[in-house]
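S.K.: This is what each chain is made of:
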Amino acid sequence: MQPLLTTQNIVKRYANHTALENVSISVPKQSIFGLLGPNGAGKTSLIRIINQITAPDEGEVFINGEKLRQKHIENIGYLPEERGLYKKMKVGEQALYLAQLKGMSKSDALRKLKEWFEKFDIATWWNKKVEELSKGMQQKIQFIITVLHEPELLILDEPFTGFDPINTQLIKDEILQLRKNGATVIFSTHNMASVEEICDHIVLINKAKTILEGAVSDIKNTYKSNVYEIEFKGNMMAFTNAMWTGGELLEKAEKNGTSKVKIKLLGNHKPNDLLQAIIQHVEVQSLNEIIPSMNDIFIQKVTEIKEEIQ
Amino acid sequence: MNKTLLIIKREFLTRVKKKSFIVMTILGPLLIAGLMIAVIWFGMKESDQQFVLVVDDTNPVFSELKSSASIKFEYSDMSLEQAQNIFYESDYTSILYIPENILSANTAKLYFKKQPGVITIKSVENQVENIIEEQKLLLYNVDRETYDKINTDFILDPFKLEKSGKQEAVDSSKAWVGFGFGLLIYMFIFLYGVQVMRGVIEEKTSRIIEVIISSVKPFQLMLGKIIGVAMVGLTQFLLWVILTITIVTAAQVFFFTDMMDPAVQAQMTTEMMEQMQQSKSAQFNLNDPNNIVNRTDWGVMLGLFLFYFLGGYLLYSAMFAAIGAAVDNETDSQQFILPVSLPLIIAYTVSTMIVNNPEGPAAFWFSIIPLTSPVVMLVRVAIGIGDGGVPYWEVGLSMGLLVIGFLLTTWLAAKIYRTGILMYGKKVNYKELWKWLRYSS
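Just so you know, the sequences run in chain order A and B. Numbering-wise (the numbering used here), the first sequence opens with residue 1 and increments by one. Numbering-wise (the numbering used here), the second sequence opens with residue 1 and increments by one.
These are calculated hints, taken from the structure and not from any lab test. For every residue, glycine included, the Cβ atom is placed at its ideal position computed from N, Cα and C.
The calculated label-pair distances, taken between Cβ atoms and stated as ranges, are: (1) A:T161 <-> B:M36: 55 to 65 Å; (2) B:G400 <-> A:P28: 50 to 60 Å; (3) A:S217 <-> B:Y439: 41 to 51 Å; (4) A:T161 <-> B:M423: 16 to 26 Å; (5) B:G400 <-> A:G65: 44 to 54 Å.
Same shape as in the complex, but just chain B (with noise of 0.2 Å):
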C-alpha cells in the first residue's frame, strides 16, 4: 500500500509540475472569464458618440426626441433618398427613418455605417415607442393611468403538486445545471482518461515498466497512476473554480462599476431602467430566492458531482489502462478507444435531449446504466433528490451499479494490463484481448 502511494505521488507531482499543467490551469478560466467579459463588455460599450440624423415622414410629431451625451439627434427636411446620398460625405452615425404610418405599422428603420451598440438601438427604441404610446393614447382618447392600469404583463406559473401536498415549481432551468456539470464529467473523463492511456504507453515505450513491475504488482502501478491522475483532474477543477470565481468578481468590480454610476444611469430611460433591473433579478440578484443560483442545491450537486466524476473516472480510466498496456503507440489505440468512448458520447447526447424531460424513461435506463449514469444521473438529479425529484432508490441503485461496474472494469483491466504491459511489437486485435482476460494470475 505504501508503494501504491509513491506511486500516485509521483504521477501526480510530474503531472501537476508540467508546463503544459500550470498553463491550461490558469489560461482556461481566464479564457473562460475573459470570454464572458468580452461579450457583455463588447455588446455594452458605446464606441463613438452616436450622430442620428432623423428623417420623419410624419412631420412634425416626432420632434421629442432628446439628445443625451451619447446620442445626438438631428432633424432634417431631407426625403430619405438625399439623406442616403448625402449619408457617406457627412458626420452622421445613422440614419432614423420615421415612415409615414408609423402608427399602424410600428416599425421605423435605422441605417447605419458601422453597427451601433445595444444600448443606442434600445435608447432610440424605447424612446420611439414612448412617443407612439403617447400619440396613440391621444388619437383614441386614452389617459396615461388608466393605459397603465390595462397594460399586462401575464405570466402563467407552473407548479408540480405533490401527493405529499407539497408544491413545487417546474423549471428546467435546474437540469441545465445538472448538464453543466455532467459535461463537465463527460470532458473531465475523456481528458484524464487519455492521460491514464498516455503514461501507460510511455511506460511502455520507454521499457521502464519491467524494472517497475520488478518492484510493484502491475495492478498496484495501474491503481497508483489512475488514482494520481484523477487527482491532478481534481486538482485542476478546484484551481478553475476558484480563479473563474475570483476573475468574474475582480471583473464585475472594475468593469461593472459605471453600470451603478448616477450619472450614466440617469441617461436611461426609466423604462430601460425597468428591464435592467428585471433581468438582474432574474438572472444575476443573488439575494433573490427565485435566482438559479439560489434554487440549485449545491452541495447535494457537488457531491454528486465529486461521487460521479470519480465513479465514472475510475470506470472508464481503467479501460483507457487497458488500451495503453495493449497497444505500442498511440496511433494503435485508436481502433480501441472509438468502442470505449461510444457509451460515453451516447451519454452525452442523451442528456442534451433529456434536459427537458428528466423524468423520462430514456433519463431512466440511460442513468441506471453505469457507462452512462455519470453524466446523465446528473442532468436528473439537478431537479431534486426525493419528493418531487429523483426517487432516492433509483439515485441509490444507479450510484450502486456504479461502483459494482468499476469494480468490475477494473479487475477486467487489471488482466488485459498485465498481460499487455510485457508484449512488444505485437500487433493486438479484440481476440487476442478474449484471451489474456482468460489467462489465469
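Next up, chain A with everything else stripped away, as it sits in the complex (with noise of 0.2 Å):
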C-alpha cells in the first residue's frame, strides 16, 4: 500500500547548525507512527517542514504520492508540544475560529464542534473564557481543535502531557478510533511507554539523522538478545548443577523458596533445549523470552552513537 506520506532526503540548516541531514521517512496510512529522538534531535524541524510552517533547503514531502502543496494544509491536524490558546477569548468562539481557519465551514464547524463537547461532556464551557479553565480543560479543547476537520494526517506532539490518567486514557482512546477511521498519526514524544503501547511504526532521530526506523514489532525482534528468564522452585544449586554449555546465567535471585534467573542461549539454541536439560532437577514455573523495551532501544541507540563520536 503507497504510504501516507514520505519525506526524501530532507536537509534543513541553520546559521550555527544541521537540525536536519537527509531525513528520509515513510508513514504506512492508518498507522500511528512514533517520531521519537532526545531534544534538540530535529523532531519539531521536521514537523514543522511537515506542517509547511518552515520549508527544507532541500529534500521533498509527499502526502498521497502528490507533493506537498497550500491544499495539503486543509488534510493536516496539528497539535504543537508548545500550544495554547488567546486567553481572553470565549472558548466556543475560539474554537470556531480556529476550525474556520482550516478552511471549514462556519456550519460544519458549529456542528462538529457541538458534538465533540457534547461527548467529553464539556458543553457548559463553550461561553467560557479559557483563562477560567485550567491547564488540562485547555488542552482537551485544544485536542479537539486539532482532530475537528477530520484530517487524513495528524501530527501529535507529546499529546499526553498535562493530562490525568483518566483523561489519557480517555485521549489514547480517541487517537486509536481516530486511527480506526481512517486517520494515520504521527505521534511525537519521549514517553516511552506510550510509544509501545500505542505506535506500530516509529523513527528513531538523532543529531539530525535517522538511526533507526521500522515496525515497532520488527525492531523489537532485532534488538532481542535471546534472553530468557525463568522461574522454578528447587534448589539452585541443583539448577546451576544442570545448566549446560549452551547457555550463560546472567542473574540469579531466590526468594521465598521461588528462584528466578536469566539466561542467554548461545549458539543455534532453543528454549526447548534449555527446558529439556534442567526439567528434571527443578520445577519449572515459567519461561518467557526478554523483549528490550522501546526504552532500553531508545537508551541503547542514543548511547552507541555518542560512544562512536567519542
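Put the complex together from the two separate chains, hints included.
M.R.: Have a look at this one:
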C-alpha cells in the first residue's frame, strides 16, 4: 500500500547548525507512527516542514504521492508541543475561529464542535473564557480543535502532557478510534511506555539523522538478544548443576523458595533445549523471552552513537 | 484571502468588544467636549452677585457707574486704606480704586476676595473706559461724532499674488488645522502600532502562534492583524468625530442659549456686544466665508488624512509587528521601539516648527520622506494644493514614496516576523535581526 507520507532526503540548516540531515521517512497509511529522539534531535524541525511552517533547504515531502502543497494544510491536524489559546477569548468562539482557519465552513464547524463538546461532556464551557479553564481543560479543547476537521494526517507532539491518567486514557482511546476511522497519526513523544502501547511504526532521530526506522515488532525482534527468564521451585544448586554449555547464566535471585534466573542462550540453542536440560532437576513455573523495551532500545541506540562520536 | 478576512474579522471584533475600547470611545469625546465646555462655562459664569465698593480719588466725576442685576456699585468717602481695612468685615466682593491721575495713567485697580468672572471685569472695564473717554472728549473739547470718525481700527490684509493672477489670503491658521490632523495621525500610529505589537506578543507568549501558522501563512496573520487594528482605529476616529459633534451641539443648545437671551444681552454694554459680535464672526459664525472652518477644504483634508493615516500606520505597524515577533515580552521591546518611534517624534517636532513656514526646505524634505511625511505633509497641504499651495508633483511624490515605503517595510518586517514568532527564549539583538532579514523563505 502506498504510504500516506514520505519525506525524501530532507535537509534543514540554520545559521549555526544542521537540524535535519538527509532525513527520509515513510509513514504507512492508518498507522500510528512514533517520531522519537532526544531533545534537540530535529523532531520539531521535521514536523514544521511537514506542516509547511518552514521549508526544507533540500529534499521533498509527499502526501499520498503528491508533492506537499498549500492545499494539504486542510488534510493535516497539528497539535504542537508548545500550544496555547487566546486567553481572553471565549472557548466556543475560539474553536470556531480556528476551525474556520483550517478551511471548515462555519456551520460545519459549529455542528461538529457541538458533537465533540457533548461527547467530552464539556458543553457548559462554550461561553467561558479560556483563562477560566484549567490547563488540562485547555488541552482537551486543543485536542478537539486539532481533530475537528477530520484530517487524514494527525501530528501530535507530546499529546498527553498535562493530562491526568483518566483523561490520558480518554485521549488515547480517541486517537485509536481516529486511526480506526482512517486517520494516520504521527506521534512525537519522549514517553516510551506510550510508544510501546500505541505505535506500530517508529523512526528514531538523533543529531539530525535517522538512526532507526521500522515496525515496532520488527525492531524489537532485531534487538532481542536471546535472553530468557525462568521461574522455578527447587534448589538453585541443582539448577546450576543442570545448566549446560549452551547457556550463560546472567542473573539469579531467590525469594520464598521461588528462584528467578536470566539465561542467555548461546549458538543455535532454542528454549526447548534449555527446558530439556533442567526439567528433571527443578520444577519450572514459567519461561519468558526477555524482549527489550523501546526505552532500552532508545537509550542503547543513542548512547551507541554518542560513543562512536567520542 | 478568505482566511485573511477571518483574521481581520477576529482582530477587529475582539478589540471593538473590549470594555477599554468602549470606554475610550465614549470617554474620549466626553473628556474633550467636557473640557472645552468647562473652560468656556466657568469663564463666563458669574457665581455670585458682585458688590463693588468704589473708592474714587477724583471725586465726584465717576458717579456715572451704573449698577445692574449682577453688579452693584456703591460709592464711599473712605480712603483706599480705610476701605481695605474694612473689606473683609464688609459684604463687598471687591473694591474699585480710581486714582487721581486716571486720565493720564489710564489705569484703575480692582481688589477682590475671590476672582471675579471675565464678564464682571469686562463690564467694569468698559464702563470706566467709557467714562474716561467722555471726560477726555470734554477736556479736549472734541465732540463724540468727530471722535468716532477719528477712532481707527486698522487692519493689514496680506495676499499672495500668484503668477496666474490669482490672489489668496496668506494664513497660517489653515496650517494649524493641518497640524491638528498631523497630530491625530501621530497619536493614532503610536496607539495602534503598539496594539499590533502587543497582539503579536500575546500570540507568541500564549503559544497559539504555532497552531495558527500551521493553518495560514505568517504573512496572512501579520497582514490580518495590521488591517484589523487599522479598522479599529478608523472606527474609533469616526465615533469620536460623531460623538464630539453631537456633544458640542447639544451643549451649545443647553448651556449657551441664555447668551442669546435679550435680558442677558441688555445687561451688556453696547461695546461688549460689538466685541462679542466681532469675535463671533471671526471664529464661530459658520455663515462667514472668512471663518477658518469654511476656508479649510475639508474634502481634500479628510481624503489626505485617511491616505496618510493608513499609509503611515501600515508603514509603522509593520515595524511594530516585527518588534513584537522578535521579543518574548513587552519589557524587551523597549530597545527596539525607540529607534522606530524616533522618526515619528522628529516628524511631530518638525511640524510644530513649520506651521508658520509651510513652504521652507525643511517642510519640503520631511514631507517627502515616507517615515515623516504622514505627519508633516498634512500641515503643508492644509494651505492648499496646486496653485498657491503645495505643488501637485510634491504631493504625488510624497504619496508614491509612502506607498513604496510601506510595501518595502512590510516586506522586510514580514521576514523578521516569520522567523521571530517561532523563536522562544532568545535575547534578540540587531545582529540577529539582520541575519533573519537575509534568511530565504
